[in-house]
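Going down the list, the protein sequences come from chains A and B. Under the working numbering, the residue at position 70 of the first sequence is numbered 70, and the numbers go up by one with no gaps. Adding 1000 to a residue's 1-based position in the second sequence gives its number in the working numbering.
Since the hints were derived computationally from the structure, they do not count as laboratory data. Any given hint could turn out to be false.
Unchecked claim - Pairwise CB distance ranges (calculated):
hint: 1; chain 1: B; residue 1: Leu1346; chain 2: A; residue 2: Ala314; range: 26 to 36 Å
hint: 2; chain 1: A; residue 1: Asp354; chain 2: B; residue 2: Leu1353; range: 53 to 63 Å
hint: 3; chain 1: A; residue 1: Gly315; chain 2: B; residue 2: His1131; range: 17 to 27 Å
hint: 4; chain 1: A; residue 1: Arg116; chain 2: B; residue 2: Val1001; range: 20 to 30 Å
hint: 5; chain 1: B; residue 1: Ala1084; chain 2: A; residue 2: Ala284; range: 48 to 58 Å
hint: 6; chain 1: A; residue 1: Ala138; chain 2: B; residue 2: Leu1346; range: 43 to 53 Å
hint: 7; chain 1: A; residue 1: Thr82; chain 2: B; residue 2: Gly1069; range: 36 to 46 Å
Since this is a predicted model, take the numbers as computed values, not measurements. For every residue, glycine included, the Cβ atom is placed at its ideal position computed from N, Cα and C.
This is what each chain is made of:
Protein chains: 2
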Amino acid sequence: VTPYLRVDVPRLHANIARVADRAAAAGVALRPHAKTHKCAEVARLQLAAGAVGLTVATLGEAEAFADAGVDDLLVAYPLWLTDAAAERVRRLASRTRLAIGCDSVAAATRAAELLRGSGAAHVVEVDRGHHRSGTTPADAGAVARAAVDGGLPVRGVFTFPGHSYAPGALRSAAADEAEALGVAARSLRDAGVEPEVVSGGSTPSLAGSLADRPAGTAGTADAAEDATTELRPGVYVFGDAQQWELGTTDPGDIALTCVATVVSHAGGRLVLDAGSKALGADRAGYATGWGRLPAYPDARVVLLSEHHAVVELAGAALPPLGSRVEVVPNHVCNAVNLADVLWADLDGDGARLDPWAVVARGRNG
Amino acid sequence: VTPYLRVDVPRLHANIARVADRAAAAGVALRPHAKTHKCAEVARLQLAAGAVGLTVATLGEAEAFADAGVDDLLVAYPLWLTDAAAERVRRLASRTRLAIGCDSVAAATRAAELLRGSGAAHVVEVDRGHHRSGTTPADAGAVARAAVDGGLPVRGVFTFPGHSYAPGALRSAAADEAEALGVAARSLRDAGVEPEVVSGGSTPSLAGSLADRPAGTAGTADAAEDATTELRPGVYVFGDAQQWELGTTDPGDIALTCVATVVSHAGGRLVLDAGSKALGADRAGYATGWGRLPAYPDARVVLLSEHHAVVELAGAALPPLGSRVEVVPNHVCNAVNLADVLWADLDGDGARLDPWAVVARGRNG
């Protein structure tokens, strides 16, 4: 039944191995963000390739991956703890190594009060450039101090260079990130808190973060210029049309596609049954359409509604009604969150398909 | 646990009653599109208010609503039938009155071959203006003829005026629709097929379709100027920020919101835990942001990521960390498709919340 999401497993393996090897060579720990795949099978491959643990965005994801046996989790999100949320954190911390994010003295004070003695740790979120959440790097020490004074251990700092999601922004975003993390790490030390973990890294900035980094110079929180000890890329496992168009993923490495059926040739255009309820409605300002077609690199998805993708083929012959065409979603994390199952194409040739449950689908709170 | 979707049940009742009354007064049948709510409880309210049946977009939705006891379904989509899909249609037709869409002679011929004697009927999709799928109105008769010649009964024609989703386009889209349906109905008659159903109507064009229509003049397929016998609005049950900004829904009638928690005041802005995985990533060209806040009509969601909505409050005081703020999604159909449950606020005051399962969530194929 189309539309469905297909994972090219050989490409998935290659993507996981390549980034693991590069991180190892640079002496940086990898803690991949599991929001991209929400899938126990992919998590196991990442951990088997040397990841120190997983990153998640919500307590629901943390619970799903703890259920799947993952024993080291970072909730890289500035949680505001209600009593019910604090109870969920305590239960999680009783069965897995756990750190949660926080970006203000108020939230740190409250979390310390509710979580003292639970085994959970805090990591301070700092912002440099993305302007979403996170304290300023210079204020990170005060947030850490509030947690420690309240009895909650602080493991370190993290940031998310989301502004690397723009054409040409890779190197500058990575440099901003390294600088912000360096300032934040010093701020913690000045407040008397030694940061064990200094964590950064989106998939686009990964290239910038790992490039020009002489082997062995990273991984030491002493190097003020680049204090990063850990990276948290998510999208690299699959890639998507955003990464393709940003130039941060080779189209030949993209490991997840949406398989769609040609349902109409109305108006002389290709109409597929994959719409925003299968691909997601994401369209960044720099995107050229609502997804890309590997078999037709010059084609563009010019109209997307809930169950229709209308494609202009740029001169190619229309594939027949009923034939199948693959679409790379713009933003793979949101496409995966729409599916109950990923169909794992074990050899990449369609011969053997295994269903992989999206165990954390919808676990967004 | 935030974020979650809250339905204001008194407003929902009022929206369903208002549109049912107006359709009844105009003599037009209502077949609401269930893709918006995917929820058996809402379907039952629509049917109790006089809807003749439901519209769905996929066989998966049809199966979910047949399971919920709905006995008259239109799949308003140009299905291309594989053998497996044809078997699903036959099973559905054995337990419910069923019509499926089709927009080409090739698809009609194939469907007739696979579905002959199943009890399923065909409805021809025509396009006028949206340029998504659908045959031209003048060719509708040929498509209908192919189905009838193959032994598949044809019930009529339908169109979707999706280009009404633009500012100021309401009246012209409704007029385009009426004209296209009139031409299509004549085309069927010229081909010797009497259209029992002539179906149109999106939520934005509803106002145009029902306005200026003297009671009793519609509902007769004889009136070539306005042959419409049936309307299929979806979004009207809940409304959303798109309808609010198009001016087709009064903000005071909006019956679905996403309840979010204030997690950060980073940068002096409001940061909520409702992102694109709860609200959907939809942002039409005319939209002023990624959703609207009923409590802060001048505020705008200026940044949306998977778990963050960053809001500029336009001068209002920041609500405290940990407080709750409601967000109206831009496109409610995609927000609902992300949720397993809608929380029905029975009195609209938060006192009694019932979980309504989104039974057709993810049933998009």
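Against the structure, the hints come out as follows:
Distance hint check: the CB atoms of B/Leu1346 and A/Ala314 are about 53 Å apart, inconsistent with the given range 26 to 36 Å. Checked against the hint of 53 to 63 Å, the pair A/Asp354 and B/Leu1353 fails, with Cβ atoms roughly 39 Å apart. Range check, A/Gly315 to B/His1131: Cβ separation about 19 Å, and the 17 to 27 Å hint holds. Judged by the Cβ atoms, the range 20 to 30 Å given for A/Arg116 and B/Val1001 holds: they are separated by roughly 23 Å.
Take B/Ala1084 and A/Ala284: their Cβ atoms lie about 36 Å apart, and the range 48 to 58 Å is violated. Taken as a hint, the range 43 to 53 Å holds for the pair A/Ala138 and B/Leu1346, whose Cβ atoms sit roughly 49 Å apart. For the hinted restraint 36 to 46 Å between A/Thr82 and B/Gly1069, the CB-CB distance of approximately 38 Å keeps it satisfied.
Of the numbered hints stated above, those contradicted by the structure are hints 1, 2, 5, listed in ascending order.
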